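Residue numbers (numbering that gives the first Met the number 0), protein chains in the order written: chain S, 0 to 79; chain H, 0 to 567.
Honestly, I wouldn't trust all of these hints.
Interface residues of chain H toward chain S, partial, derived using beta-carbon atoms under 8 Å [to be verified]: (1) Asn161; (2) Thr245; (3) Arg247; (4) Val269; (5) Glu274; (6) Trp314; (7) Leu315; (8) Pro317; (9) Pro523.
If you're looking for bench data, these hints aren't it; they were derived computationally from the structure.
As the structure is a prediction and not an experimental result, all values here were calculated from the model.
All C-beta atoms, glycine included, are put in the ideal place defined by N, C-alpha and C.
Single-letter residue listing:
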Amino acid sequence: MLTLNQTLEQILTLAAAHFKVAREKLAPDDDFFRTLGINSLQTLELLTRLENHFQIELPDYELQGVSDFRMLAERIQARL
Amino acid sequence: MLNLDQYSSLGAALRDALDRWGDETCLIESDRDRERTRLTYSDFKELALPLARALEDAELHASERAAIIMTNQSKWLISAYAIFYCGGVPVPLDYKLTAAEHLQLLAHCKAKIAIVEYYLWRAMMQSPEFKNLKALVLVTEAPLSADLAGAFRWEDFRRKGNPIFVPRKREDVACIVYSSGTGGRPKGCVLTHENYLEQCKSLTAWYPFWPGVRYLSVLPTNHAIDFMVGFIGPFVCGACVVHLRTLRPEFVRDAFVRYKITHVSLVPMVLKNLERGVRAKFEGLSALKRLFLDYFVALNKSFTRGSPNVKLSRWLLPQVHKAFGGELVAIFTGGAFMEPSTLEFFYELGIPVANGYGLTEAGTVLTVNDLKPFRADTVGKPLPGVELRILNPDSEGIGEVAAHSKTVMSHYLDDPELTAETIVDGWLLTGDLGRFDGKGHLQLFGRKKNMIVTEGGKNIYPEDIESTFEGTPVKEYCIFAANYLWPEKTLGREILVMVLRLEEGQEFTTTLKDEIISRNRRLPDFKRVGGSLVWEKDFPRTASMKIKRAMLAEEIGKSRERTAVIEL
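Let the sequences and hints guide you as you build the complete structure.
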């Protein structure tokens with residue numbers, strides 16, 4: 000079982016690869032809408048990648064109200 | 000389709016539709032690549048009537064309100080029909096609001112029943128306002144082990160026996176739809192059966208549906224457009240509605256192919272995302288293939304200049320159309336500013352995009368492009384039965400758009416003052432600025448009102464989000480739509496600006512900026528403030544200490560440039 004920090008780290012790596020930005024440019028508490036300059040639809044695109052990686056199903060609503068990687072990691076951690 | 004002139008209510012029209020189209024498929028619900036539900040009109044009836052019977056037992060009487068808070072799915076439509084059957088008034092609430100906002104609106108509309116999806120109910124139960132909830136609640140898809148705090152399971156909430164159909168008159172209230180106003184003044188648009196029946200009649204006159212149409216329902220059903228084009232319209236025509244439980248772009252793209260979608264409504268944000276995806280595919284083509292593609296796109300463009308010819312376009316550009324399922328007839332868009340280049344991009348590929356304009360207060364749609372010929376620079380012509388006027392036009396002919404139509408709402412719920420300001424002598428003042436061109440097409444040029452419409456089609460009123468910034472350490476603040484401060488005669492670049500009056504000697508420091516950013520992040524991304532501006536004078540206020548917004552906006556607009564806004 001992954002720890003929350005490990006989950007968070009893996010999310011940051013996956014997000015960096017998905018949105019083609021350097022990993023070191025992303026921080027756990029970053030507002031990803033601002034940091035990545037993306038909209039809510041583009042964040043949804045990341046979900047499938049995360050589902051495949053963590054082998055879980057994440058309903059779209061899990062992203063509702065989430066705007067930083069830490070909160071996203073918490074939502075994923077709860078389903079691991 | 001049914002002859003809507005012979006019906007006095009949506010419930011009556013839907014009831015006949017279920018019998019008339021019995022064996023046709025009415026609903027498909029898909030989750031990722033799994034199909035969860037496929038219902039014929041007869042199946043739909045079998046699921047809805049026991050619910051109606053149970054609602055009857057729960058004493059949902061004529062005119063009483065039943066809210067629906069759910070993502071798009073078959074249970075949404077089944078619930079709405081059951082409510083109509085009892086003579087009740089569905090109140091569709093935006094599932095993207097917060098739990099506190101849901102509870103506030105449930106109290107505002109005095110909902111007797113609330114039908115809520117489990118994950119939303121879970122959030123509501125944790126809200127401090129939960130204790131004040133008065134409605135009887137039905138929760139969908141709750142896990143068996145879940146504690147529902149006295150709510151009932153939707154799936155179990157059914158009774159045997161035939162419910163009694165409660166007839167309604169055309170002038171009776173059909174639905175209450177909130178166009179905005181969660182943090183400030185709730186704007187509950189009270190829409191009658193006449194409003195909906197007339198809207199449906201005029202829309203289907205230009206864009207008819209028929210059995211065999213498969214409409215992809217992507218916009219939230221609580222939104223006026225999907226309620227009409229993704230529920231009432233298809234049902235009275237015997238068409239099929241496809242719901243997706245995930246709106247991730249890759250599954251939406253798959254759905255076009257899997258279900259051979261013929262019609263869809265999209266907000267600009269989704270359409271632009273689709274455009275990005277298609278363009279990326281084109282960029283991946285070899286130089287030779289790209290050359291061929293460009294040639295056939297140009298050919299298609301010249302052949303369809305006068306009007307769309309979908310069959311010819313499919314023949315000229317088979318691969319493009321195959322990616323959309325091969326049967327797409329039209330994409331409807333509207334609700335927010337749409338860049339003409341995006342509309343042109345799709346039209347040149349032979350995918351007609353009908354751009355329209357409307358507002359909840361006007362039923363759904365006031366104008367739409369009839370594609371004869373295609374125009375990317377307008378929001379089309381008034382629908383049959385819709386009369387539009389441009390009030391106080393300036394030297395360029397631009398003024399406020401006013402609408403007179405049987406589709407215009409009756410009033411705002413419990414707000415006669417706002418109603419009187421909005422509907423004057425039977426004309427709905429839209430607050431949007433427009434002009435008619437020589438061909439009778441409406442062009443929009445901005446807003447007279449202090450609000451923005453996001454690319455996702457959401458109306459955001461500054462007053463609704465100001466409370467989020469309460470406690471910000473400044474003397475006073477006020478939020479405006481940038482285009483309200485600096486009218487640009489355009490609908491693009493819509494952001495909200497926070498105007499700050501600092502304390503004597505206070506400076507706009509990084510700490511203050513971070514504080515504002517941190518509060519801003521408490522808001523959903525689409526409601527966030529985009530920039531701030533420091534103002535050197537005290538805000539003008541009324542005797543009751545309310546900010547004189549219009550006066551302040553005028554002063555700011557005159558003495559400061561838009562470039563002074565600091566991005567947040």
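Here is what the structure says about each hint:
The restraint placing Asn161(H) at the interface with chain S is violated, with a minimum CB-CB distance near 36 Å, outside the 8 Å limit. Proximity of Thr245(H) to chain S holds as hinted, the smallest CB-CB distance being about 5 Å (cut-off 8 Å). Here the hint on Arg247(H) is kept, as its CB sits about 5 Å from the closest CB of chain S, short of 8 Å. Using the Cβ-Cβ criterion of 8 Å, the hint placing Val269(H) at the interface with chain S is satisfied: the shortest such distance is roughly 6 Å.
Restraint check, Glu274(H) versus chain S: the minimum CB separation of about 12 Å is more than 8 Å; hint violated. Hint status for Trp314(H): violated, given a least beta-carbon distance of 32 Å to chain S, over 8 Å. The restraint placing Leu315(H) at the interface with chain S is violated, with a minimum CB-CB distance near 30 Å, outside the 8 Å limit. With 8 Å as the threshold, the beta carbon of Pro317(H) stays out of range of chain S, its nearest partner Cβ sitting at about 27 Å, so the hint is violated.
Here the hint on Pro523(H) is kept, as its CB sits about 7 Å from the closest CB of chain S, short of 8 Å.
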